[in-house]
Amino acid sequence: MATTEILLAGFGGQGILFAGKILAYCGLMDGKELSWLPSYGPEMRGGTCNCSVCVSDQPIGSPLVLTPDILIAMNQPSFDKFVKDVRPGGKVFFDSGLIEATTDRTDIELFGIPSQQMADDNALKGGSNIILLGKVIKETGIFSLDIMKKGIEKVVPPSKAALIPNNFKAIELGMNA
Amino acid sequence: MERNLMKGNEALAEAAIRAGCKCFFGYPITPQTELAAYMAKRMHKAGGVFLQAESEIAAINMVLGAASTGVRAMTSSSSPGVSLKSEGVSYIAGSDLPAVIINVQRGGPGLGGIQPSQADYWQATKALGHGDFQLIVYAPASVQEMVDFVVKAFDSADKYRMPVMILADGLLGQMMEPVSFPEINPDAYDKSSWAANGHGFKREHHIINSLYLKPDELEKSVVDRYKKYDIIKETETDAELYLTEDCDILLCAFGATARVVKSAVNDARAQGIKAGLFRPKTLWPFPVKEINEAAKNAKVLLSVEMSMGQMVDDIKLAVNCSKPVEFYGRTGGIIPTPVEVLEQIKKIGGTL
Numbered sequence: 001m002a003t004t005e006i007l008l009a010g011f012g013g014q015g016i017l018f019a020g021k022i023l024a025y026c027g028l029m030d031g032k033e034l035s036w037l038p039s040y041g042p043e044m045r046g047g048t049c050n051c052s053v054c055v056s057d058q059p060i061g062s063p064l065v066l067t068p069d070i071l072i073a074m075n076q077p078s079f080d081k082f083v084k085d086v087r088p089g090g091k092v093f094f095d096s097g098l099i100e101a102t103t104d105r106t107d108i109e110l111f112g113i114p115s116q117q118m119a120d121d122n123a124l125k126g127g128s129n130i131i132l133l134g135k136v137i138k139e140t141g142i143f144s145l146d147i148m149k150k151g152i153e154k155v156v157p158p159s160k161a162a163l164i165p166n167n168f169k170a171i172e173l174g175m176n177a
Numbered sequence: 001m002e003r004n005l006m007k008g009n010e011a012l013a014e015a016a017i018r019a020g021c022k023c024f025f026g027y028p029i030t031p032q033t034e035l036a037a038y039m040a041k042r043m044h045k046a047g048g049v050f051l052q053a054e055s056e057i058a059a060i061n062m063v064l065g066a067a068s069t070g071v072r073a074m075t076s077s078s079s080p081g082v083s084l085k086s087e088g089v090s091y092i093a094g095s096d097l098p099a100v101i102i103n104v105q106r107g108g109p110g111l112g113g114i115q116p117s118q119a120d121y122w123q124a125t126k127a128l129g130h131g132d133f134q135l136i137v138y139a140p141a142s143v144q145e146m147v148d149f150v151v152k153a154f155d156s157a158d159k160y161r162m163p164v165m166i167l168a169d170g171l172l173g174q175m176m177e178p179v180s181f182p183e184i185n186p187d188a189y190d191k192s193s194w195a196a197n198g199h200g201f202k203r204e205h206h207i208i209n210s211l212y213l214k215p216d217e218l219e220k221s222v223v224d225r226y227k228k229y230d231i232i233k234e235t236e237t238d239a240e241l242y243l244t245e246d247c248d249i250l251l252c253a254f255g256a257t258a259r260v261v262k263s264a265v266n267d268a269r270a271q272g273i274k275a276g277l278f279r280p281k282t283l284w285p286f287p288v289k290e291i292n293e294a295a296k297n298a299k300v301l302l303s304v305e306m307s308m309g310q311m312v313d314d315i316k317l318a319v320n321c322s323k324p325v326e327f328y329g330r331t332g333g334i335i336p337t338p339v340e341v342l343e344q345i346k347k348i349g350g351t352l
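First to last, the protein sequences are chains P and X.
Numbering follows the working numbering, with no gaps: position 109 of the first sequence is 109.
Numbering follows the working numbering, with no gaps: position 30 of the second sequence is 30.
The hints are simulated quantities; they were obtained by calculation from the structure and are not laboratory data.
Built from N, CA and C at the ideal position, the CB exists for glycine as well.
Misleading hints may appear alongside valid ones.
[As the list claims (entries may be wrong)] Selected chain X positions facing chain P (in silico; Cβ < 8 Å):
| no. | residue |
| --- | --- |
| 1 | Ser263 |
| 2 | Ile334 |
| 3 | Ile335 |
Isolated chain X, as found in the complex:
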């Protein structure tokens, strides 16, 4: 397969178009802008619509509108912009619409900085908007996964009729790596039972709605949605297990941080320390089975993140606090180094 050299942001945009995305709405923000710029250049040639909205709020509501008609629609932004989209995301979830939202994270809170961060983990996995709902969240760790996961994201969104997020970061968005575009045959999903795409007086009209004034009706709609979430938790988890079979210390990291951690794990192994890596590819649903498999022989777990430790609680819950879970992180746009992580491994591993 041909190897191309592309930035993560551009590769993701190309893959989205190949996956049949017909509508992109966005607003520029570093470090995500190349994604929108690529869409602006390519989308009209692919027979789709690129529109730079007047704001992030407008963009997410345009996604809601486009998704209502049954076409594949997407928006992208970086952390502060994603916060602005939260109302629209909640409406999309409440309307059972498929949509893909990209977050190329930067440091926060507030306007924060423009360097890479993973401090939107809680936002993505717990509460990107009000109300009872979840997003499926994929965490790519390479430019190739930016491609592969966006294809998956569109399929999962259509399959479950719900918003799906790619949680990337500035490092993955800006870096170039060899990448191949697999033959992408977007699965066809029958949307004729719900899409509001014109009835021509030949059928009942379809209503896209998230307003239920009767509590019992609203409760039922939420409970039904949670039955869907149960299936997703059962079937859609994904993770990479690296050198976990005999590991004493299990490192847990996702996205760009997992690359740094993998280097540190290799360095630790070279020094005779039995380290392994658990890398969740889905952050919601969290890969509970997979982490328990990875941790079965470990004495201690160490979460490494570009945040103050937002994944730690999920790890503790997943292993039911059966083992100590330590944390090492950098935040504000600083990327941890393999040397720093190795020091932590030695510090924690030294007591084993």
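In isolation and in its complexed conformation, chain P is listed as follows:
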């Protein structure tokens, strides 16, 4: 497989870096080459936040994602800022409850699901990011559900292991959305 470049973007606190970390660990579990690069600095303390993840069979060159194959946008400014950069043929995943998807691009695929609302309805507080990941693996096939579960188990710290079933549930919600 060629390199898949993924960009995740949203507000600080929406779990952008965490979702990126899950994708990175999926790559690790899947025996791939990968890189994970956060925006750092003031973004970590609130405001906008984004994260680049590259997954490949080859060593990763530049870890900075400028033309994503997959964009995961969790707020309006992120969608507006990055949708123009998506590679032709790329896929955009976003929270349709928070984002009005206005773009004149016809060479990309848009997948909007009301992930925040779905999380709230299913008592999965803070699970919007994971629900979107479920949609991503269903529509792109980048990782299997099995690898995704392994990735989640790696990222969730032992002290919060009780939350793992909720994350699995969020993935399945996203896959079925």
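Go by the hints and put chain X onto chain P.
The following block gives chain X in isolation, referenced to the frame of chain P:
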């Protein structure tokens, strides 16, 4: 070997502990802070000392003190903090002490910014402090090299009794990549002839000193040190040569920039342009033999850096100005993109 996923800063800290670093002194600064935070968490469990000093100046002087006793000691910072350490580094060099200094570079001058930069190349390779002295400078380009080079750095520091620097940048410090920790058996160096670690009235006391009031004595100490540097220049250079055998245009880049450039070289090759990459892993000593080997068939060289072109002079000197050396760079915290670099390759390569 088990693959771990770690940030460059954290992987470097873990490797330093495994390499036998027993004393870490530092002061927080973005984008290096995870390194100190990791040390704070792990060092005491590894039987060592972590101490957050009141300033960078204090931290480097604590390194001087710890290194005087013969233990492996390290400090880390980012660009403005490294400037503060320069006096201490000069004293460490003048006292012939082994120590490891990490610079996870950010944009400058002044407080600059917090995004990645390579604008401390001159500082690291030419003048990190006053007086006649050099540091060995390693330039990692991956999280794995953050690990491998810090192990090397401690060994080189002990072997030559001198300060050694890892010149990284914010991108390498912040990114996560798979990394393996090799079996690390730190070489044992006999420090009994100089370490000031307590004589118990059983031997002459050892003096750690950089003050020589008699010029002839000072001159001799400096000249002796430069004989050591000659050996290092002969034996310690290291570089990666990528697709250089038949290249018309040789790109030169180190650290994180070399990753971007490698992508651009691959893109250029796909378009039929014979590009290659020379990546120095040691910035001092500069890999003179290696760059001449890489450049033997090239018609032009192109240095790509996250600075205004600080490595260009070293390249010109190394190839003795036998070929044109062009430059492309971004600075202030902006990372050049493979697309930009490819454009430069085409622009320069188009005239070949």
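Against the structure, the hints:
no., hint, result
1, Ser263, "3 Å, holds"
2, Ile334, "11 Å, violated"
3, Ile335, "6 Å, holds"
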